[in-house]
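Note that the protein sequences, when read in sequence, are chains A and B. For my numbering, count along the first sequence from 1 and bump the result up by 1. For my numbering, count along the second sequence from 1 and bump the result up by 5.
No wet-lab data here; the hints were simulated from the structure. Don't take every hint at face value.
Selected chain A positions facing chain B (Cβ under 10 Å, derived; list incomplete) [said to hold, decoys possible]:
#1 G439
#2 K508
#3 T513
#4 P810
#5 E871
From the derived model, a few chain A residues whose C-beta atoms are all more than 12 Å from chain B [claimed, not checked]:
#6 K133
#7 N383
#8 D634
#9 L698
#10 E701
#11 D751
#12 E797
#13 R798
#14 R838
Here a beta-carbon is modelled for each residue, glycine too, at the ideal position from N, C-alpha and C.
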Amino acid sequence: MRLALGLLATICALVVLTDGVDPGNFKTCEQSSFCRRSRKVQSAGSKYALIPGTLNTYADSLTADLVNKENHHQFAFKLEALVGSTFRLQIDEKQPLRPRYRVEHALKGQPQAGRIRVEQETDGEIVITSEKNKAVIHGDPFRIDFYENDVLVVSVNAKNWLYFEHLRQKAQEPTPDPSENENQQEQDAAVETPKVADAIDDPGAWEENFKSHHDSKPYGPEAVALDFSFPAAEILFGIPEHADSFVLKSTSGTDPYRLYNLDVFEYIVDSKMALYGAVPVIYGHGQQHTAGVYWQNAAETWVDIQTAETNVVSSLVNFVSGSRKTPPPAAHFMSESGIVDAFIMLGPKPMDTFRQYAALTGTHELPQLFSLAYHQSRWNYNDERDVTSVSAKFDEFNIPMDTMWLDIEYTDGKRYFTWDKFKFPNSLAMIKNLTELGRHLVVIIDPHIKRDNGYFFHQDCTERGYYIKTREGNDYEGWCWPGSASYPDFFNPVVRDYYASQYALNKFQTVTADVMLWNDMNEPSVFNGPEITAPKDLVHYGNWEHRDVHNLYGHMHLMGSFAGLQQRDPNQRPFILTRSHFAGSQRYAAIWTGDNLADWNHLQYSIKMCLTEAVAGFSFCGADVGGFFGNPDSELLERWYQTGIFLPFFRAHAHIDTKRREPWLFPERTREIIRNAVIKRYSYLPLWYTAFYELELTGEPVIRPLLAHYPQDKEAFGVDNQLLVQDRLLVRPVMQQGVSKVDVYFPAIDEKKNGDWWYDVDTYQRQERSGYVSVPVDENKIPVYQRGGSIVPKKERQRRASTLMLHDPYTLIICLDREGKASGSLYLDDEKSYEYRQGKRIHTIFNFGNGQLTNRFEGNPKYKSDAWIERIVIAGLDKVPSSASITVNGVTQQLEVLPQERSVVVRKPGVKMDVDFALKLNYQ
Amino acid sequence: MRKTWVKRENIYYKPFYKQKSKVFLLLIFLVGISFIAYQAFSLNQLPGVPTPWNLQQIKRKHQQMRQSLGSKQRDVDDFDGGGGGAMAPAAPAGAGTAAGAGNEDPIKIIRGTRLFDYDAYKPNFKGKFRCLDGTKEIPFDHLNDNYCDCEGDGSDEPSTNACSVGRFYCRYQKRHITGRGLDVYVASSRINDHVCDCCDGSDEWTTAVKCSNNCA
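Let the sequences and hints guide you as you build the complete structure.
Structure, rendered in structure tokens:
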């Protein structure tokens, strides 16, 4: 028996060991003193109130003073109305001992101010309106209720969890004389100012230890925390990046969700642990109303989630108490420093809220087409011959591929901006070999700089003082890939300029303007730092502590990189992939979900994570296909490719210790499945490209959760193994091992469970009812459905790289709705330059109805394209037309109609893309 | 010098002419040879059949073909690369109809096909084109009109990239005069993609790419 137990324990230990990251390397809320303190407020509440008579109103905002009734510390409160149903709420100390950090560079620009009207101002209650929204400010206890069309959607500080640690002087240390004892200390305390009441007695208030790391906290406690309730919502989602479900889970009894950019090795799924990125935006969604809150704070942040989860306990409580009423979902944001700076976005529909957030922080600009195609990466492609031969193998097996990636080993000893002269003696020739085939190269450039006196970058940074400093004023030295390394302080605009100038082709001569960029390890990752990142008491430009700005470090790095690529070639759109990100980083870079694992769980979470990222602004998201760590078997790899093609960023990548896994190293069957998947991705590139243009135009995410378009369907709220590509495709990849059928959920548009029609994109078989449908799948099948009522542009001709498809003709897939109508858009331009901003673009809206297809242009179609429409597929017609006629400029021509099993094909309309036409189906 | 031949009393070597089966097989072999030779000579007497080793004649035919490849294929170059712009369906590019079977007409081979399939790219008795895999028959003017009709093998679009499975046979074919040798071809997705894939660059025939000839 004892033996068996011992064996069991050993096995458990082994399982734990192989289960990825050790959570013990990262702090829990209990180990983080500010989180501990802020969370404590949840039990007792706090007492803040507006000071009567301090109210000032302006055209777009109002200000007032706020007081903590327990310690009488005063705060400045400002509520501002912004255009687009958004309010901005700021609370800072009225007279702080030193300025508190306000986040810069996250917003796209100065938000456009709205106008407010003070409707009512009685003692203790102020009512203001802006557009069709209303804010009611309660003075004591302090609370703000936000109404959208007279429905309460967001309530700030409804739980009285506002917690604002004002800056203070450290109490005098007792003299280090050992003869003096605690008496002295007590006297000191007694002599202290009346603020003794709020002297924070937490042992971590003025210094903190974690593992072997010491955090000297020279400025003491400075946390801010505030709660937001969403009375009209049923679920909460957002606050990436976590490897968790799309719908946020209640944190009662567990740690809060943590937002702190960390390099987590082999992260675990279904976890609230912090990962590489932090986007503090949260949404509350109910059937009628959606609202969001963007908590703009770059310090370490923990978020407690309170939702009415129907677990056993709560249902039991409900049963006993006889009430079905549950408190509305709420989020409690707790940040280590900074100020309260919250944007309240009032929706009312999910897509409205996403647009409002995009209006604040921006979107990814239209990327070059190649970056939406297939990327082939590995740590590492060893040398020039390796790169060239992998590229040639893709041609040999006729698998399209656009971009080869080089990980850190291409450099000369991890000195970025240099090449290993033995493995890559002639990088320009290698790059030319790729670009001649229409392909691109992406190289990695990380922020850590090798401390080597012979390295020009290190010399410059040392001489000019560009590195992040320690408290003592020395250059901070950490340990990363190159060994001993320092980190440039990208918060300094001079450093960013210097960094950007390094990308100029006369400086970085071993690349061409077609070589794009991968910024990794920019959390920053410091192997020997606390929690594998930089210590919080480092000092940045402007004398800000690293504590204040940590989550922004990667963002600032990206700003330098982006400027560098733009200056290098002002007319080419840069492509950057980043790991660390903050709100607003989407303006500069695509992201991926970091160092995942080759197992089925991580495959499933790739969709959940990217959906959350997409609603938080990062549509350009993907996961390492095949999994970074570990070796996928053929089935997992096949399914991963099939899933990866429906995420915006599609890259295969692998760890240096894994087996090579290019598709031809697997049996022919696997190779063909992968090839079919990649070809499918390429055929949908016009849709992806259009979606990204429309993202830049409107801020609407490229991939969306079901609730974005089916907000009323309660059952769809939690569906996070499916995604929508715009509102046109519904994708439910196979993400389990060895299944022969999967359950696809078709969402309902109304209470009566009516749904859209959905057409299988392979067979045009139609699903007419909502709810779960079990769909048989074979190894080649990816359950993807096109919505009835939509038109999807495709390019069905195969090329070896997407850049070579520029002049190829388009196919339009028209799937009809119940009324026999459909519409959809297509965007095209030169796929590379910024000329589209000067109008050289074609944005077409296609409409089908009454047996006729017409097009209409948004703006003048100024781009000259050689492309044309080769085929129009129509599914959902009642009867088969005998022919079609197309009219262009008054000239009508007959076209053949080829009937297929469940669709008809109009053969070769042959119109150019910038021509108005009308295509009519004829029945005889 | 030492004598190497050793006589062994106890071994008896049977002479060849006494091994009946071997002689019999040899006889059959000789009769066979002479029969084939007889047949071959008698072929010569049939009217209109060229002797298989009449090299002069074969060479002449090849000469003609090569010339026609050089001259006639230029006619095909006016093919507009798709229905774009011009609304009318592109003229059937490889109007192979003109090419009669007779020796006096120069042979016109459609760009991207191989000599082996020469006859298949003529209208059949119904005036249609039959896909090379035999699955489908399409109107002859759908041949090479930049729209894929033979989805199975892409054989109706030998000169364009309309089909995803097709092949483009490069103009340069390295083969023995008797026709032996491997076909030189590229996937149809490589046609006019701004990359020179055939060693003679014949796959880039509408693009402005200047391909050098690396065939030799």
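Evaluation of the provided hints:
1. G439: holds, 7 Å
2. K508: With a closest approach of 30 Å, the A/K508 hint is violated.
3. T513: violated, 17 Å
4. P810: Since the shortest Cβ distance to chain B is 6 Å, the answer is holds.
5. E871: With a minimum Cβ separation of about 6 Å from chain B (threshold 10 Å), the hint on A/E871 holds.
6. K133: holds, 49 Å
7. N383: Given that every Cβ of chain B is farther than 12 Å from that of A/N383, nearest at about 25 Å, it holds.
8. D634: At about 29 Å from chain B, A/D634 clears the 12 Å cut-off, so the statement holds.
9. L698: holds, 27 Å
10. E701: holds, 31 Å
11. D751: holds, 41 Å
12. E797: Given that some Cβ of chain B is not farther than 12 Å from that of A/E797, nearest at about 7 Å, it is violated.
13. R798: violated, 6 Å
14. R838: Holds, since 25 Å exceeds 12 Å.
Hint check: violations occur at hints 2, 3, 12, 13; the rest are consistent with the structure.
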